[in-house]
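> For reference, the chains in residue letters:
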Amino acid sequence: MLPPKRYHGLLLLAFIIMILPLFLTNNFHYDVAIHIGINAIVVVGLNLLIGYAGQISLGHAGFFGLGAYTSGILTANYAWPPLLALGAGVILVGLLAFLVAHPILRLKGHYLAMATLGLGMIISIVLSTEDRYTGGPDGMTVPSFSLFGWEILGEQNWYWIIGCLLLLSIWLALNLIDSPVGRALRAVHGSEVAAQVVGIDTIRYKILIFVISAIFASIMGSLTAHYTGFITPVIADFFHSIELVTMVVLGGMASTFGVVIGAFILTLLPQFLANVEEYEVMIFGLILILTMIFLPKGLLPTLIALKKRHTA
Amino acid sequence: MSLLKIEGLTKTFGGVHAIEDLSFTIQAGTIHSVIGPNGAGKTTLFNLITGIYAPTSGKILLEGWDIAHKPPYELAKLGLCRTFQNLQICFNMTAIENVMMGSHLHLNTSFLAALFRFPTLSQGDHECREQAAELMKLVGLSKYITADADSLPYGALKRLEIARALATSPRLLLLDEPAAGLNPKETAEIDEVIQKICQSGVTILLVEHDMKLVMNISDHILVLDYGKKLAEGKAEEIRNNTAVIEAYLG
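Just so you know, the protein sequences line up as chains A and B, in that order. First residue of the first sequence: 8, per my numbering; consecutive thereafter. First residue of the second sequence: 326, per my numbering; consecutive thereafter.
Be aware that one or more of the hints could be misleading.
[As the list claims (entries may be wrong)] Straight-line distance between alpha carbons at most 30 Å, and here's what the computed DSS-like set of lysine-lysine pairs gives: (1) K315/A / K395/B; (2) K115/A / K395/B; (3) K468/B / K304/A.
Keep in mind the hints are simulated off the structure, nothing from the lab. Computed from a prediction, not measured in an experiment: that's the story for all the values here.
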């Protein structure tokens, strides 16, 4: 018996993750692949908020950074076990997102964008200035991730861990979207008033998905801190938030596999721009603008629509 | 038995009285229509009853309980649902998913169950899909069961809204101009659908400009003019009411 159709894409991705190491010839290649995976997981979560529920966030790097620093500080300075520190990050970020969600998500459009932008900036500034704990702009070193005495070291081990987590997060996202909760989220985007008259408490769902997407970012922030072993407040800054949103928009809002492709392209791109690094921000901005003008639905949904039209 | 009772309902926007001291009763199991010229306050009345606006004063009693000032999603739990004059379809979903979202209150909406796709949730979702398909057949949309919402023509979207509202299993269904923009053949079909719904035990409050439809199916008609009650009664009485003819039927 074939697995349900909704999981076909997941199987294809699992296959790609399995054969990819054949083409990864050195640790640098693995490192790029791991960063693609990390970004992909964050944007799968962010897409639930932006693509499905239709709420913008320009502050998700803040949650990513907060998760990273919670892990960093608790493991480096207080010798917490990494998994416990990661959990503490999840609780901290989850609570923060929950507390700010209520006032923030009453806003719409530009106002919501501005409020989330401000929130991200506040987190980024706090991480830079509280140098007693965070090491300030110079950053801090973070011990490696260990679980029950087993230390995770080396790009190859991390590759498989991130690969599995990516598959897990996509599986969770696909399940969520195709459920009563997922329909409620999409209804918030499609027509808030229609959602309300059929009994959907739209505020509750907006808060829920804001918190969930923040937790996705926090977990990946924690793991990134342990993987790279060194973090600076740059990971929480505005440009990182923009990168994440661009991945969602380029790949395709409301397309889980689309945003994975978005993460793939935009994580790989800077590797080819190493010579013109100072223009990176401009190039990302240009991609964002061009996508919104010429591919408003994003890469993957546009390709699928083209294919449909071709076969019809 | 009265299902909905409106007492001294008033809604002002700035200095304008959109609805002024309005009282009327809707009997369970009937089709109750509200007519009146443009700007008479029909849509405002709908928005008040369904919780989209809060009344300035007055009571809205559903089986004796005052439901004024309750948010729309609470009213859905009490068995009140509506369609919209300006379509409120979720074009980011398929047609059948639009109907399925109407079953929200009857399904397992636990977040964990959704994330891990618990078998009980899949089962409930599967049944919900079948019920939604039945409702689409009931309103005459069987050929659009697998279509995307944005591929449906206008007349079909009107009926899709009715199917979605029915999925909430309402006791009182408010239809805001269901025949607006439809051709005579489609209007005749909507006429039939509305009567079928009423026969299944759902009380209907209808706002409509198509007089033929209104006169044809209404048990009771309320005529509004400038936010006030101009007349009330059976179709025959309204047809022969001189004040109504003067203000509206011309």
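> If a hint holds in the structure, say so; if it does not, say that too.
Going through the hints against the structure:
{"no.": "1", "hint": "K315/A / K395/B", "verdict": "45 Å, violated"}
{"no.": "2", "hint": "K115/A / K395/B", "verdict": "23 Å, holds"}
{"no.": "3", "hint": "K468/B / K304/A", "verdict": "27 Å, holds"}
Of the numbered hints listed earlier, the single one contradicted by the structure is hint 1.
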